[in-house]
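Protein chains: 2
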Amino acid sequence: MGKFCFGVDIGGTSVKLGMFSIKGELISKWEIPTVPETVLVDVAKSIEDHFTDEYLKKDCSGIGIDVPGPVTGDGIVSQCVNMHWGRTDVKAEIEKLTGLKAQVANDANAAALGELWQGGGKGYASLVMVTLGTGVGGGVIIGGKIIAGANGAGGEIGHICVNPHEEVACNCGKKGCLEQYASATGIVRLAKLAMAEGKKTTSLSDIDDFSAKDVIDAAKKKDEIGTEVLDKIGWYLAFACSGIAQITDPEAFVIGGGVSKAGDVLLKAIGKYYNEFVMDALKNKEFRLATLGNDAGIYGCAAMVAGEKIG
Amino acid sequence: MGKFCFGVDIGGTSVKLGMFSIKGELISKWEIPTVPETVLVDVAKSIEDHFTDEYLKKDCSGIGIDVPGPVTGDGIVSQCVNMHWGRTDVKAEIEKLTGLKAQVANDANAAALGELWQGGGKGYASLVMVTLGTGVGGGVIIGGKIIAGANGAGGEIGHICVNPHEEVACNCGKKGCLEQYASATGIVRLAKLAMAEGKKTTSLSDIDDFSAKDVIDAAKKKDEIGTEVLDKIGWYLAFACSGIAQITDPEAFVIGGGVSKAGDVLLKAIGKYYNEFVMDALKNKEFRLATLGNDAGIYGCAAMVAGEKIG
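Residue numbers (the working numbering), protein chains in the order written: chain R, 24 to 334; chain W, 24 to 334.
Hints listed in this document are in silico derivations from the structure and should not be mistaken for laboratory results. Fair warning: this is a prediction, and the values are worked out from it, not measured in the lab. Possibly wrong hints are sitting among the right ones.
No copy is singled out in the list; a pair is fine if it fits within one copy or between any two copies.
Pairs of lysine-lysine, PhoX-like flavour, derived with a Cα cap of 25 angstroms [to be verified]:
{"no.": "1", "residue 1": "K80", "residue 2": "K198"}
{"no.": "2", "residue 1": "K198", "residue 2": "K255"}
{"no.": "3", "residue 1": "K295", "residue 2": "K215"}
{"no.": "4", "residue 1": "K145", "residue 2": "K255"}
{"no.": "5", "residue 1": "K145", "residue 2": "K168"}
{"no.": "6", "residue 1": "K255", "residue 2": "K197"}
{"no.": "7", "residue 1": "K291", "residue 2": "K197"}
{"no.": "8", "residue 1": "K223", "residue 2": "K46"}
{"no.": "9", "residue 1": "K197", "residue 2": "K306"}
{"no.": "10", "residue 1": "K39", "residue 2": "K244"}
Required output: the full structure, derived from the provided sequences and hints.
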């Protein structure tokens, strides 16, 4: 087993890279710009530059990489629109470029593994992460391993249908996805819908182009519309998490992404409804906040190759 | 690795036992009555009786056992009401009684594994089984392994909430569980509710105490109420399966239990709605019928100890 490893989080505009001890300490991190045509070569080169007398290549246990697209359990990227990739064997390519062992995962799944390894889910062997950002992503970790799925679509929590009566379409084309309510975009949408009804007062009407944060902040100040929207997203998240619990029975849920900066009020809003929808054995599951922020991906990637049994 | 193994399915009134080759051929099967106080001793004795000159104990790779209650991934039974057990380490007890390696699982999860090994899901590495009987059970298999869950409540598909507006309580205490609609009991209930509305004609009113089979048979003959109920259970099953797919992305779904004898009309009823609720990558999943019937449990139990990599 090596002494250190790399985690590489490939995003649409930049690639985050981290060097980690195999125990999970971040030794250094840096970024390079994403150039889709050459990104894997650029990553290989950037990693090569980080071998030193102290960190010899022979002591490196490997490279974990994530990409913003579906990845199967054997490291095949089915498609990655941002990189203009069709079906690509990223694992084989990066191993050839570097001569190091590699593992590949979807970015949201890697973030979930990172939170389990060194973040909000540290100490657990199984967890489900729900990432509330512009969209809603997620990842399911069981026994320290990502549930990648047959098509790399495991953990696609944002597109669980939570409202079969919805009439507006989600970006994915179907209707009633969790993302339409609990993402930053969804929260603003719900607030605007509630305001258009005109039945409740709100301080949000004083803000041009208000954000999801403004809605949550309003809720914290007992604003009528803010409170209604927070209650609704709590209900939708509880409903989605209850289905996930009935199927996978994880040790905990970890809530991350920009919207999770709302903190305890968000966890309370979910907790208000969650027990209603689950069997006794699944009641009172732990809901925690993510702690690694934008570094969750590089942590999770490193976890895949750290060589330690995790979870 | 041994040459053969045993699968033991502990039910409320009888224990089914099977001797299998490690490749999955059923060599012989038999039953003994369930006496809760002595069931594990009885099982050990019954297995001991089946070692012969041809099947030597030293060539046995182990015993897989399932029980009708929650079992964690490490073989601990949290509770088994039928056996009057609290927390019980069935794996350790049966290993001590027999001197053989043992694995323990929940009965519905074992049935799912059995269908993957030698039944309707043969050849797959991942599948979700939905068992439609008096209640609704299920099991999730990923990479040839049961997702048992932190409390042994993984795969509790029957109690996924599919209708948050339901006012009648399920046996589990909560409202809107899949089991309230898609179980044999649920199907009869839905037919009676539709008949009470009095808007549609039905041949079911000619049958005293009609069964779920009568409802499905009526649907096959284009009976109005039968057709309405089959459509509804298709919708509820599709909704539940869509959530499962978004989370675990299995290779296939296998539908078993008494209600699945309805055959293709049931699969068609699910297929009518399933694609509506899932992302493109998850559309057109394979839905198959279970093939092992009441033997699925012993097959799945044997699979746990067969020693072959399955899936």
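Cross-check of the supplied hints:
1. When the C-alpha separation of K80 and K198 is checked against a cutoff of 25 angstroms, the pair qualifies neither within a copy, at 50 angstroms, nor between copies, at 58 angstroms.
2. Taking CA atoms no more than 25 angstroms apart as the test, K198 paired with K255 passes in both settings, with 17 angstroms inside one copy and 19 angstroms between copies.
3. Proximity of K295 to K215 under the C-alpha cut-off of 25 angstroms is restricted to the intra-copy arrangement: shortest distance 24 angstroms within a copy versus 34 angstroms between copies.
4. In this homomeric assembly, K145 and K255 never come within 25 angstroms of each other (Cα to Cα): the closest approach is 29 angstroms inside a single copy and 43 angstroms across copies.
5. Taking the shortest Cα distances, K145 and K168 sit within 25 angstroms of each other both inside one copy (14 angstroms) and across copies (24 angstroms).
6. In this assembly of identical chains, the alpha carbons of K255 and K197 lie at most 25 angstroms apart whether taken from the same copy (20 angstroms) or from different copies (20 angstroms).
7. For a Cα distance limit of 25 angstroms, the shortest separation of K291 from K197 across copies, 21 angstroms, qualifies, whereas the shortest one inside one copy, 29 angstroms, does not.
8. Proximity of K223 to K46 under the C-alpha cut-off of 25 angstroms is found in neither arrangement, the shortest distances being 52 angstroms within a copy and 67 angstroms between copies.
9. With identical chains, the CA atoms of K197 and K306 are at most 25 angstroms apart between copies only, with a shortest distance of 11 angstroms across copies and 30 angstroms within one.
10. Taking identical chains as interchangeable, the C-alpha atoms of K39 and K244 are never at most 25 angstroms apart, the minima being 37 angstroms within one chain and 62 angstroms between chains.
In this structure, the earlier hints numbered 1, 4, 8, 10 are contradicted, and the remaining ones agree with it.
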